[in-house]
Amino acid sequence: MKKRVVFALAVLLSVSVQAGYLDSPKAKAFADRMVAEHGFDRGEIDALLDNAEKKQSIIDAMERPAEKVKPWKDYRKIFITEKRITEGVDFWRHNREALKLASRQYNVAPEVIVAIIGVETFYGRIKGGFRVIDALSTLSFDYPPRSAFFTRQLEEFLLLAREQRQDPLKLTGSYAGAMGYGQFIPSSYRSFAVDFDGDGFADIWDNRSDAIGSVANYFAKHGWVMNEPVVARARAEGDLDNTLLNKLALDKTLAEWSQLGIQVEDKLPADSKALPFTLEAEDGEQLWLGLNNFYVITRYNRSTMYAMAVHQLSQLILERVGESNL
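All residue numbers for the sequence shown refer to this note's numbering, where the first residue is 237 and numbers rise by one.
It is possible that some hints are incorrect.
Claimed, not checked - Below 30 Å or equal to it, Euclidean Cα-Cα: the simulated DSS-like pairs (lysine-lysine) are:
1. Lys-264 with Lys-306
2. Lys-336 with Lys-509
3. Lys-336 with Lys-304
4. Lys-483 with Lys-313
5. Lys-309 with Lys-264
6. Lys-304 with Lys-488
7. Lys-262 with Lys-309
8. Lys-290 with Lys-264
9. Lys-483 with Lys-306
10. Lys-319 with Lys-309
11. Lys-306 with Lys-291
12. Lys-336 with Lys-457
13. Lys-483 with Lys-262
14. Lys-291 with Lys-336
15. Lys-509 with Lys-262
16. Lys-291 with Lys-264
17. Lys-262 with Lys-306
18. Lys-304 with Lys-291
19. Lys-363 with Lys-290
20. Lys-363 with Lys-336
21. Lys-304 with Lys-457
22. Lys-509 with Lys-306
23. Lys-290 with Lys-306
24. Lys-509 with Lys-363
25. Lys-264 with Lys-457
26. Lys-406 with Lys-363
27. Lys-264 with Lys-313
28. Lys-319 with Lys-290
29. Lys-503 with Lys-457
30. Lys-262 with Lys-290
31. Lys-503 with Lys-262
32. Lys-290 with Lys-309
33. Lys-336 with Lys-488
34. Lys-457 with Lys-483
35. Lys-483 with Lys-336
36. Lys-306 with Lys-336
37. Lys-319 with Lys-264
38. Lys-457 with Lys-291
39. Lys-304 with Lys-363
40. Lys-304 with Lys-262
Please keep in mind that the hints were generated in silico from the structure rather than gathered at the bench.
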């Protein structure tokens, strides 16, 4: 009898731990809206939310992203490695035609397309092992700081799953619900994913051509300008107002920054818009000016360190590709 009681308690505990979001007031309100605004079947939505599981590890990961807890000198070492450079060259070689076509069609540098995929998923090797339904439900209903954003992403996710005839319980991605080679969040998928190889399905999960075309389209739609510089070294003259630094806004020109004590070290048009930022490098703090294309990279991930990692990786890959005449 004692063993039966223990077993029954274990079963009840297991059920309670794995319980979905069917009884959550926030989830119920979300389900009501999906039915009213998008015509979803109530039973279908309830079943999906009942299958979604809260993942504490997702909340923990949201609280400690590398961009916030590591200085540049340590953050850089994650992405600027010999292996990531050489595998970037291999990725370029194996997908040369798709990259050439995407670069020509969208006017986006092929090296930045490769670098984005390299930073995001190590060229498709690490796409994330969380069920997207779990990630987005957890962050929608159990992470108040960004609940509104992720509730919208959950809505977008269910819409794209219906549009693409995908099983929402089987799609996997990052702890933030990003998917595929380029780690598109659901709203980015619906806005920027493209069927680049013309087979009738924009497959960012397993199709490299579609992933390449989708990243290129994302950059084109956000204002990438071909053959323009990304960053420039800068120096401060006089007492610099630190409150002007590290803001992701292109609201001043190089001429205006010069008047505020930030001088660019390269010869660039004075009317070029830029944003100043600092990086904690091995040899001390560095001052940089991010130009339009740098700002475009931050639209993918709103971090100056992320954008610099993508840029530097892209340049190192480009050097190797040039050396091997690919």
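- request: Could you grab the alpha-carbon distance between Lys-336 and Lys-509 and see if it respects the 30 Å cut-off?
  value: 29 Å, holds
message: Would the hint linking Lys-509 and Lys-363 be met if the CA-CA limit is 30 Å?
response: 35 Å, violated
- prompt: Is it true that the CA of Lys-262 sits at most 30 Å from the CA of Lys-306?
  reply: 34 Å, violated
- request: Take the C-alpha atoms of Lys-483 and Lys-313, compute the straight-line distance between them, and say whether it is at most 30 Å.
  value: Holds - the C-alpha atoms of Lys-313 and Lys-483 are around 23 Å apart, at most 30 Å.
task: Take a quick look at whether Lys-363 and Lys-290 sit within 30 Å of each other, Cα to Cα.
output: At roughly 20 Å apart (the allowed maximum being 30 Å), Lys-290 and Lys-363 satisfy the hint.
- prompt: Is the straight-line distance between the alpha-carbon of Lys-336 and that of Lys-488 30 Å or less?
  reply: 34 Å, violated
message: Against the 30 Å threshold, does the CA-CA distance of Lys-483 and Lys-262 hold or violate the hint?
response: 33 Å, violated
- request: With a cut-off of 30 Å on the C-alpha distance, tell me whether Lys-483 and Lys-306 pass.
  value: Roughly 18 Å between the alpha carbons, so the hint for Lys-483 and Lys-306 holds.
field: Restraint status (C-alpha distance of Lys-457 to Lys-291 at most 30 Å)
entry: 34 Å, violated
- prompt: Hey, Lys-304 versus Lys-488, does the alpha-carbon distance stay inside 30 Å?
  reply: 26 Å, holds
- prompt: Between Lys-319 and Lys-264, does the CA-CA distance stay at or below 30 Å?
  reply: Distance of about 47 Å is beyond 30 Å: violated.
message: Just to be careful, I want the Cα atoms of Lys-306 and Lys-291 compared with a cutoff of 30 Å; is the pair within it?
response: At roughly 24 Å apart (the allowed maximum being 30 Å), Lys-291 and Lys-306 satisfy the hint.
Going through the hint list in order, the structure does not satisfy hints 1, 3, 5, 7, 13, 14, 15, 17, 24, 25, 27, 28, 31, 32, 33, 35, 36, 37 and 38.
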